[in-house]
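Chemist: For the protein sequence lines, the chains are Z, D and V, in the order given.
Mapped onto our numbering, the consecutive letters of the first sequence carry residue numbers 6 to 185.
Mapped onto our numbering, the consecutive letters of the second sequence carry residue numbers 395 to 739.
Mapped onto our numbering, the consecutive letters of the third sequence carry residue numbers 446 to 582.
Derived from the structure by calculation, the hints contain no laboratory data.
Note that the structure is a prediction, hence the values are computed from the model and not measured.
There could be a bad hint or two in this list.
Unchecked claim - So, partial list: chain Z residues that the calculated Cβ filter (under 8 Å) puts toward chain V:
no., residue
1, 108
2, 110
3, 111
4, 112
5, 125
6, 141
7, 155
8, 181
To be verified - Only some residues are given here: those of chain D computed to face chain Z with a beta carbon under 10 Å:
no., residue
9, 409
10, 411
11, 464
12, 475
13, 477
14, 480
15, 483
16, 485
17, 487
18, 491
19, 492
20, 538
21, 539
22, 578
23, 663
All C-beta atoms in this analysis are idealised placements derived from N, C-alpha and C, irrespective of residue type, glycine included.
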Amino acid sequence: MRPVDATAWLDFLVEGSARGIARRTSRRGLLGSLGALLVGAAVVPLLPVARGAEAPGKQGGALDKSQDPTQCEYWRHCAIDGYLCGCCGGSASSCPPGTEQSAVTWVGTCHNPADGMDYVISYNDCCGKGTCGRCLCNRNERDTPIYVPFESNDYDWCTGSDKANVPYHCSTARIVAPAR
Amino acid sequence: MPASPHWVWVNDFVFPHMSDGQAMLVDGDSGRFLGVLYTGFGFTRVVPAKDGRVIFSPETYFSRGTRGTRTDVVTLYDPAHLAAVGEIGIPPKRSENMPMMANQQLTDDGRFLLIYNFTPGQSVTVVDAERRAYVAEIETAGCALVFPTGPRSFFSICGDGALLDVRLDDSGHATARTRTEAMFDVAHDPATEKGVRVGDTWLFVTYGGTLQPVRITPQGLRRGPAWSLTSPGERVENWRPGGLQQLAAHAGLNRLYSIMHQGGPETHKDPGKEVWVYDLALRRRIQRIAMRNPAGSIQVTRDAKPLLFASFIESSTLDVYDAVSGQHLRSIESVGTTPTLLVNP
Amino acid sequence: MSAVGAARLAAALAALLLGSDTALAYQPQVNYMLQCMGCHRPDGSGEPGRVPSVRRTLVRFARLAEGRRYLVSVPGAAQSRLTDAELAELINWMMDHLSDLPATGIAPFTAAEVTRNRRPPLIEVSATRARLIDQTR
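The task is simple: from the sequences and hints, build the whole structure.
Modeler: And the structure:
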């Protein structure tokens with residue numbers, strides 16, 4: 006697949022058009038050119054489509070659970086295991102105050118029924134305080150045993166950095182990129 | 395009160411307050427709560443010494459509770475008084491994950507305590523259980539957990555489904571590390587980490603319900619013949635194994651116990667309302683035991699009239715059954731907050 | 446059929462094939478994200494004391510035969526869910542995008558080279574890496 010121009014890629018996202026793509030792609034997903042997202046980025050940025058996904062799912066319709074980031078059924082939580090940072094003073098994409106995002110994490114893919122697309126999701130934990138204790142959620146789509154660490158939600162991923170200090174507080178589900 | 399094979403350690407990492415890990419001792423016959431050990435942050439489980447003289451407990455502490463400097467130790471507890479009597483310092487690298495029996499194990503003769511580390515670099519800490527001292531850290535890159543195979547050997551499971559066969563000398567240092575061929579099909583139907591040992595065989599189940607034995611032989615580790623825990627009809631009905639501590643075994647009866655539920659693919663961590671019992675010589679199911687409550691963890695006592703214990707991480711109730719008849723004997727309330735692993739003393 | 450029609454037909458066929466892994470060839474930066482980024486971080490700098498940085502070692506190692514074997518057989522690479530061709534392409538991409546040192550004069554990795562050296566995955570990782578760093582000072 007030849008690289009897609011990054012600007013054209015973002016325009017496509019904003020249009021939100023579905024192209025009859027298989028509803029359930031393979032775990033590895035399809036991703037366009039992401040050079041701008043990777044080089045020098047210490048924090049995974051929020052894409053325009055993520056902001057769109059946090060708004061009410063349908064025009065004039067009720068907010069269903071798959072589109073509500075405080076719900077376990079939120080589409081991005083397809084393989085999460087822990088407390089939802091959105092209930093803890095943070096959000097599905099940001100850490101609550103006073104906690105550090107773990108640099109080491111695992112990365113999965115989840116399907117968004119609102120636009121019919123798969124997305125790469127990074128389950129960064131927020132660390133350095135005791136557990137949040139609110140909105141516990143455990144789902145295991147495409148989860149692997151802990152001997153395949155990078156697709157396993159059974160690790161306390163706060164373990165990965167001295168700054169994050171191991172005590173686990175809550176989990177985010179950050180969109181890294183759409184999967185086509 | 396004299397120790398009994400019908401006692402059980404109920405380990406609990408107390409997920410809402412992970413600094414308050416604990417291990418509770420319960421008498422399965424009387425239902426009596428005998429006592430508790432408080433065991434620090436992200437607790438996995440106690441490891442009773444094979445001679446019963448001490449209880450080893452790999453633990454993690456932070457200097458200010460939920461922050462500060464991390465220290466890992468193996469605490470030594472006196473089984474008669476349930477009091478701490480010493481500790482051994484170990485590298486602060488103990489893997490923090492959903493508790494599994496294979497996070498830490500003793501070698502077959504009880505001489506060495508092996509602890510899986512994840513930083514995310516993978517290694518195994520070796521502690522001399524007899525001399526009560528740290529020995530070494532063995533690099534096990536790409537491989538996880540510890541499954542003892544003899545007095546001076548264990549394996550870890552690697553990310554490609556192969557096993558890393560590790561040999562130790564009498565001081566506990568590694569003398570050899572070799573990889574086997576792939577034993578598990580990681581891409582399509584992985585084996586879970588929750589294997590149990592019967593004699594010279596480790597028994598693993600896959601997400602789909604296949605039993606994959608790993609045999610310990612003088613020539614090394616070998617795949618045993620695989621067989622299915624479910625019939626084709628049962629698979630159509632989506633019966634599959636699941637849970638946190640999903641398997642138990644009784645060596646004397648040569649039986650395997652597996653928590654079973656009905657659910658689609660990727661429900662391998664779901665609890666079940668049945669425990670299916672298999673005769674390991676016949677390689678077929680001989681019994682279905684109905685659970686009074688959903689079970690996520692089971693354990694069977696080692697004696698000739700065994701009990702079957704069942705717990706669930708979302709419940710404080712410990713259920714006790716006759717492991718042969720399947721009869722429910724008693725339910726014991728208020729045993730933990732998020733109980734994880736059930737350990738025989 | 447017009448050129449536009451042929452292009453549309455090709456796109457439609459491609460869409461039909463999307464369910465199959467083998468029909469997909471992900472861009473290397475995407476494979477980096479899925480297989481490596483979780484520990485080595487988006488810029489390859491790792492986590493001091495826990496996850497090695499690749500930024501100063503990739504190119505240095507790729508100048509040595511043993512270094513090239515290391516890059517392919519280190520478990521994170523060897524056990525990743527990539528074909529041999531994809532792993533070769535990924536390492537080449539990493540040398541171009543995640544390296545502080547330019548990859549001038551380095552022979553690109555090929556699928557054949559990966560096939561020769563990937564399995565079994567390396568066991569003696571730390572000691573090998575330390576030796577390679579020493580040799581490439």
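Chemist: Each hint should be assessed against the structure and marked as holding or not.
Modeler: Each hint, compared with the structure:
1. 108: With Cβ-Cβ at 5 Å, under 8 Å, it holds.
2. 110: 5 Å, holds
3. 111: 5 Å, holds
4. 112: Holds. Min distance 5 Å.
5. 125: Cβ of residue 125 (chain Z) sits 6 Å from chain V, so the hint holds.
6. 141: 23 Å, violated
7. 155: 5 Å, holds
8. 181: Interface hint status for residue 181 (chain Z): holds (6 Å vs cutoff 8 Å).
9. 409: Since the shortest Cβ distance to chain Z is 6 Å, the answer is holds.
10. 411: This interface hint holds because 7 Å falls under the 10 Å limit.
11. 464: Where the cut-off is 10 Å and the nearest Cβ of chain Z is about 6 Å from residue 464 (chain D), the hint holds.
12. 475: Constraint on residue 475 (chain D) not satisfied, violated at 30 Å.
13. 477: 26 Å, violated
14. 480: 24 Å, violated
15. 483: Violated, about 17 Å.
16. 485: 13 Å, violated
17. 487: This interface hint holds because 9 Å falls under the 10 Å limit.
18. 491: 5 Å, holds
19. 492: Holds, because the Cβ-Cβ distance from residue 492 (chain D) to chain Z comes to roughly 4 Å (cut-off 10 Å).
20. 538: 4 Å, holds
21. 539: Hint holds; residue 539 (chain D) Cβ to chain Z Cβ min 7 Å, cut 10 Å.
22. 578: Where the cut-off is 10 Å and the nearest Cβ of chain Z is about 9 Å from residue 578 (chain D), the hint holds.
23. 663: Holds: closest Cβ of chain Z sits about 6 Å from residue 663 (chain D), inside 10 Å.
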